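Below are the chains, spelled out letter by letter.
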Amino acid sequence: MASVSFDSVTKRFGDFTAVSNLGITIGDGEFVCLLGPSGCGKTTTLRMIAGLETPSAGRVMIGERDVTFMHPKDRKISMVFQDYALYPHMNLADNIAYPLKVRGESQEKRHARAREVADILKIGQLLERMPSQISGGQQQRTSLARALVYPSDVYLFDEPLSNLDAKLRLEARGFLNHLQRDLGMTAVYVTHDQAEAMALATRIAVMDAGIVVQYAPPLEVYRRPATTFVANFVGNPPMNLLPVEAMISDGALHLKAVGLATAPLRVTRAAAKALESGKSLTLGVRPEHLSLASGGEENTIAGQLFANENMGPEALVTLEREDAARFTARIFTDEMVALEGRVTLGFSSDHIHLFDERGLRLPLDHEED
Amino acid sequence: MASVSFDSVTKRFGDFTAVSNLGITIGDGEFVCLLGPSGCGKTTTLRMIAGLETPSAGRVMIGERDVTFMHPKDRKISMVFQDYALYPHMNLADNIAYPLKVRGESQEKRHARAREVADILKIGQLLERMPSQISGGQQQRTSLARALVYPSDVYLFDEPLSNLDAKLRLEARGFLNHLQRDLGMTAVYVTHDQAEAMALATRIAVMDAGIVVQYAPPLEVYRRPATTFVANFVGNPPMNLLPVEAMISDGALHLKAVGLATAPLRVTRAAAKALESGKSLTLGVRPEHLSLASGGEENTIAGQLFANENMGPEALVTLEREDAARFTARIFTDEMVALEGRVTLGFSSDHIHLFDERGLRLPLDHEED
Amino acid sequence: MRQFSLLSRTAGAAFMTPAGVLIGAFVIAPFFWVIYVSFTNRTLLGRTALNPEFVGLANYISLFDAGSFFTRGEFGFSLILTVQFVLFSALIGQAVLGMLLAWMLQSVPKSLKRLTEMVVIAAWILPEVVIAFAWFAFLDYDDGTLNMIMDALGLPRGDWLLSFPFWVIVVFNTWRGTAFSMMLFNSAFSSIPPSYFQAADVAGASSWQKFRDIGLPLIRGHVVTDLILITMWTFNVFTPFLLTAGGPSYRTEILPIYTYRVAFRDFEFGKGAAVGVIVMLINLVFALFYLWVARKRTAKVVA
Amino acid sequence: ADLTITCRCVEDGVNSEQAMWIKESVIPGFTEMKAEAGEEVNVTLTEFAGSDEQLTQQLALDFSTGAGPDVAGFDGFLIPSFVEGGLLKPLKELAGDAVTNWEGWDHISEGAVALMSYQGEPYGIALGTDVRMIFVRADILEEAGIDPESWQPGSWEELLETARTLKEKNPDSFPLQLNAGVPMGEATTMQGYWMALLGTGEEVTDEEGRWIVESQGILDTLNLYKTIYVDEKLGDQRAQLLGDGRNRTFANFRDGTTALLVEGDWFYRSVTAPDSEFAVENRDEVMTWAKMPAKEPGAGLRGQDFVTISGGTGFVLNPNTDEPELAWGLLAYMNSKEQLAAFQDFQPRIRIRDDVPIPDEPFLTETSQTLLPLTTARPNSAEYNAVSAEIQRMTEAVVSGELSPEEAMARYRDAVIGIVGEENTVSLL
Amino acid sequence: MTRYMSLYFTRIGFSVATALIGVFFALPLVWFIFAPFNPRAELGLAIPDPFSLSNFETVFQNTFALRGLWNSLLQSVGGVVLVGGGATLASYALSRSPIPGKHIITYILLLFSSVVAGSAAMVPIFLIINGMGLIDTHIAVIMVFAGGLLPTAMFILRDFIDGIPRSYEESAMVAGASPVQAFFDVALPVIRPGVVVVVVWAFVNIWGSFLIPFILLRSSEKMPASVAIYSFYSEAGTPIVTLLAAYSLIYSLPVIALYLFVSWKFGFRFFGGIKA
Ligand SMILES: Nc1ncnc2c1ncn2[C@@H]1O[C@H](COP(=O)(O)OP(=O)(O)OP(=O)(O)O)[C@@H](O)[C@H]1O
Ligand SMILES: Nc1ncnc2c1ncn2[C@@H]1O[C@H](COP(=O)(O)OP(=O)(O)OP(=O)(O)O)[C@@H](O)[C@H]1O
Ligand SMILES: [Mg+2]
Ligand SMILES: [Mg+2]
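Just so you know, the sequences run in chain order A, B, C, D and E.
Those letters in the first sequence? Residues 377 to 745, per the working numbering, in order.
Those letters in the second sequence? Residues 377 to 745, per the working numbering, in order.
Those letters in the third sequence? Residues 93 to 395, per the working numbering, in order.
Those letters in the fourth sequence? Residues 518 to 946, per the working numbering, in order.
Those letters in the fifth sequence? Residues 197 to 472, per the working numbering, in order.
Simulated from the structure, these hints should not be mistaken for lab results.
Note that the coordinates shown come from a computational prediction; the quantities given were computed from them, not determined experimentally.
Certain hints may be false.
[Unchecked claim] Over the 10 Å line for every Cβ pair with chain E, so calculated as not near, a few chain C residues:
#, residue
1, Asn143
2, Phe146
3, Gly148
4, Tyr152
5, Phe162
6, Thr163
7, Glu166
8, Glu220
9, Arg249
10, Phe256
11, Pro285
12, Gln290
13, Leu376
[Unchecked claim] Keeping only pairs whose Cα atoms sit at most 30 Å apart, straight-line, the calculated DSBU-like set for lysine-lysine is:
#, chain 1, residue 1, chain 2, residue 2
14, D, Lys551, D, Lys750
15, B, Lys485, C, Lys302
16, D, Lys540, D, Lys743
17, C, Lys202, E, Lys461
18, D, Lys540, D, Lys551
19, B, Lys498, C, Lys302
20, B, Lys543, A, Lys632
21, B, Lys543, C, Lys302
22, A, Lys477, E, Lys298
23, A, Lys543, B, Lys543
24, D, Lys551, D, Lys854
25, E, Lys461, C, Lys205
26, B, Lys632, A, Lys498
27, B, Lys498, B, Lys485
28, D, Lys686, D, Lys606
29, C, Lys202, B, Lys655
30, B, Lys498, A, Lys632
31, A, Lys485, A, Lys452
[Claimed, not checked] Label pairs and their computed distance ranges (CB to CB):
#, chain 1, residue 1, chain 2, residue 2, range
32, B, Thr386, C, Val175, 35 to 41 Å
33, D, Arg819, C, Gly250, 55 to 61 Å
34, A, Gly399, C, Pro285, 42 to 48 Å
35, E, Tyr303, C, Ala244, 30 to 36 Å
36, A, Lys632, B, Pro619, 41 to 47 Å
37, C, Val175, E, Gly359, 53 to 59 Å
38, E, Val277, A, Asp541, 19 to 25 Å
39, B, Glu492, A, Asp383, 53 to 59 Å
40, A, Ser384, E, Gly359, 33 to 39 Å
Cβ atoms here follow ideal geometry from the backbone N, Cα and C, with glycine treated the same way.
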């Protein structure tokens, strides 16, 4: 095991900068998720660790070694590919044992070890099959087995679960969580599914257009998203965001928007300084912090019912405001939520997020640390 | 709009029976989801409505018309495909207007109508683009637009959201929910994602190996799964199931299994008759009905911590029992759930499900109707 | 800057070497020899064999001599004939028939599909001497299979090789080469997601509409490749020689046969080489034309 | 030392007898002779199964590069163009005195030496020569009430008259065959065009060696073709145009569709020989021959009443052979009295040496005695080959009905001027 | 019900049309099915009576012709090995290594090869082979065929390889394989279906070709079947129909067998196809 660090790494493809001035460090034994929308440079970052792309500038270190220009085969890494890249002409045993084969292990030893790993991953009875003869979930585990068959400094995962269906994904996720707990491996895990990142990571690097916008533990990312981008990206359904106008009075902050009524907010001194009345801000409330309210009170928002999805233990109620903005509330109940027409949702001041006009988080009093 | 009904429909591919003796009716204006695991015959059922497969036996009716052998183009249906099937060489306008083109509408009329529909679906400004130049969510809406451009009796959807990422899927789901509410269309919707089915359907047909095992409204399916199969399939994470032994004493039912302690259950008279002591049953508890308990009490189950996934507003805690069975609890909290070693989960008798040895639901007293 | 790639430049060069050497020796070197010789009056026999002279464009000019350009047995006649031959047998014959077959094969019963593919491909893979002989027997005036059929149908017999020699080689070449286009289009069609066609079915499209609106536009890239290859091959096809020897009266003397005559009967290498170069230029023009048409259509669609 | 020899001959195939002779007589004899002289020689025969034309192509390429067999079968009329191209060397230059001193020259007539010579220098030795005539189906003439024994047309008109009679008797037949068209290649020029043209008193060149590009003789010849194939359908027009036309003419004769066929003696020796594909049943009874008449009596070349022409094939030496003396030794040995005599056992024929007895074959004796005095040869010119190809085109244009004789001749004129240059042509009109 | 028919009319129509085209393709070959077994075969179509193998007996006595088959096999296999091997390596390099202008290269080579396919280039090829001292050798024939077929083979294969995910080799390298190991262990087996197509195509081309062996070979022991078939021409230079038909059938069997084998084992098709 070893740490991985990026030293001002930039990667350009022609004119296009895919990753720009990256400087994060992944500690030994950490499980870091790279999270971000399609095309934001996650895969590129991962591939630079693997040696499948060469940085245009900067250095990549694994432990104490500068691996910037090292061939992948010399890096002591393992990687799980999104499409698994199982060799269609080898059976599972040979697929799993391939890293041992290229290292010149004897057939016997290889297969013994492959069986060992396969047993751990519960695919021991499939070793004679060809990849085309097993299910997607089993393929996923085979590719995992291949990555684990040989001790590596760093384990890399490129959206390994994205080809699985919902249930298998959940199962595999639990499995990975367990594995990480057991092995304490250093892992870098690419995903664009925030739930996956939340469930697995010790730290999440949220990326946007080649830049890491927040690098923090999952709950931190969830509770204090650094920007509107993160706020919108993390959480399912995403945080409701609404443009509001700031009004300072009595050292407290009032927010103004059509159909919105908020209680005065106490802000940190630093934030208060930066704020002036009339400034436009963004208000954020997570769906799970919204509840059905009777209307008219403080800290409520109202609109026309847009959709009402009852799904067993919870319901998603979406209202549409006059300005076409939508607000979704996630209500934990296994009763049928029957609604019609105008709907009012309430929230508590404790669960309010505020962002300035550049989209950066404004620390509020209740979360001052 | 029209209803759809199946009259003892069976579909065989060679020796293999894909759909067997299907007899459901989809009412006018209903939104029915066909839900089931891969290969259970959902698509085949849908394609028989569309006319893309011909039943081996039985009749398919749309409204009053027997359409069993009718060509798809004469059925007055619209269909949205899993991969959208947008023609990559036509721009959105042409894609959307294609059904009108084959009906010989003039270029002008076609485009006017395409614009109308596109505007409703908020892709009006993209009409000149090619499918490759728009996002997955927009592609999804385009394919929806193509299905809506022409008035149909029935709308068919074959996993239309499965190619979208989590966030877009959620958004599109809300959108469909809204559309259904607005248009009141008769729709048959294939999915293997239970959340989708729960959120959208007026009724769900849960299928297994070509047979409809339960056909009921979503909450009914969630609350009273007819079989272990349904119980396991509906709900995310799925219901925890555990083999137990029945012990009847004092007209109450006691359940016995290692590490399990349940309060005596009152069962319906009918059920009590059928039960004998020593019979093996299956106990089911949904993850969202499990909570952390201190151990030793009644209605608890204990085991070693297997995985602990904290994901913002909720955490999934999985324990592994000595017999390798796993139990997952879904805990709604946005605090970090810190756990180690042995874990005990508790549940209430109200939230217990019981199934007999054939997997069929045993009605319990608290849900007697 | 070192840049990672799956195969380094050196390894790539090493991988290229075997093919490179063979191509260098037996394609590129002969190619430049042909170009060079096309500017000389080199022959094999007679006086100019020992002292070939550099004659500039004389070979080309003489090929395009206006006085005899359209005369049978001259270059111009062959050229026009060949263009027609390519048009009818490759573009209309092989490509269209191949396309038609590939399209229909998508929806006919499996056994029929296999059988048809088998005979079509047999026509393609059997050795040309064998094929030529089979056709000879097929077309024979007195007892050929074709005339037997004509008799049976109550139609007049035809003296095919004599009365319609050009059409015979057109049909022959179509017959011989359709397999390639068929296979190419077949796999092209089957790489189109079936849902595209089903969506059209549901939308109400007929088979022809599906072909015109979806099938054809989507395999445009394959069509271009196919046209480039079969055009090139047809411009070079020598097999009709075995059937007609270019006759009667030069009526089937397509350019490959013409070149053969000039280079190997008359041993006028200079002139033969010039023909070869012109054929290559025509091939180039055709290829560029196909690519241009394909690109233009794409551009129009995008715009 | 190793020697290779090539000819268009294959056991059980083309020129089978020749292949047998070389394999069974020449090679063993030669190796034995050399072995006795203490020299180990290894001779192999490469049997070539393709066409004459293809063999020419191979030899031309081989001789231009130093590859190829040491001794090669060769058609005499190609010698000038090969020599001009530097692809052949005189025997004397290759093997020196051994050639000059060869005893065989004394037994070969000057005319026969000339068959394989150019500008007075021998480049090879002919195996033999041939003559051309009209082959006749006696049975068919008889059926039409013509006495085959005495039948000998004295003019083209008489020839045509007979043909007309036969055609009338059997309208589906094509009684007369005079080769024309491109597919038959040199067989058109030699067996067809020359045989007619000579009957007008002309040759292809004039006395000074200039090529005649316009003349009454050419027109008369072309008109004869036109009469036969276009106007009166006395001949099988298809056979002149199709790729396998020559074989059709053979088949026509075999089947009796054609009664009068102008061919060389090879037709008798090989084509219709018993057991061959075109064997004529009861050949000795139903097949006779007649001389080819001039247009009018006395109008033929040199004022003759009848005409014929000869060519010859033989063997040449590879100009680049590694073993010129030995190769010559083999060539000389092949043409020794013993070997040519041995050849008669495989195939009786008039041999080139006067000391090899003519076999007891009435046909060979008669034809050679009658026709050899009348014969002539093709011009010894490097351009002949190319001009001959133009002649074939010209005849094809006429027999296919595509061009009139005048038009065809005009095109011929232009083409020949293009080949040899205007200064080397002459118009006799 | 009438509408039901319309669907099936298309299908039936297609089936009938396909069958007709199939018949059109089969007709010229029908003669071939009968003639070899007919000791009195002529150009006319006739059911053999009696059915006999005597033609084959005669053919099998012709050692020259039999050796021709062997030579064809030698040259085809040799050529196929060079084409298959050379094209695989080269197309792989073109697809995977950072060689500049690699797209245009295949097109240019394709055009070059079109010139060389014509008979005009036989002369320089003869001169080159002669210069190498390889006239009348199998290896000469093999190399010339390989050179001529390689550009097209590369054109077909490169497209195929481009369509194969790079993650196969990438995963091998991450696992510790060198580029060459990755090629042989992983890429090559995955490319195989494409190589098979090229191999069959090359085999068929070489197997039937006349001109190149004819120009480059001299001794009858080395001539392939395409040349040796002329030994079934009579004294007069006409085909001996019976023997020729029998020999043609024998001569055709290997390509048919190869095709059947390949389509059974791998499925002979242009996977996804080659496209510009
Ligand atoms: N080889 C390349 N050449 C040019 N551009 C590239 C190349 N590889 C990636 N890119 C571009 O770099 C950007 C980042 O790509 P990357 O694959 O890292 O995205 P990602 O975050 O993994 O996205 P996804 O979730 O879609 O996989 C994209 O815009 C992509 O188009
Ligand atoms: N054309 C066919 N020929 C043979 N078997 C088929 C055919 N189409 C479907 N099947 C089989 O019928 C069964 C049901 O297929 P169907 O496509 O309806 O499943 P599904 O429920 O839609 O599954 P998925 O969620 O994977 O799409 C499957 O086992 C499938 O293999
Ligand atoms: Mg990626
Ligand atoms: Mg499906």
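Please name the hints from earlier in the document that this structure breaks, with their numbers sorted from lowest to highest. 8, 13, 14, 16, 21, 22, 28, 29, 32, 33, 35, 36, 37 and 38
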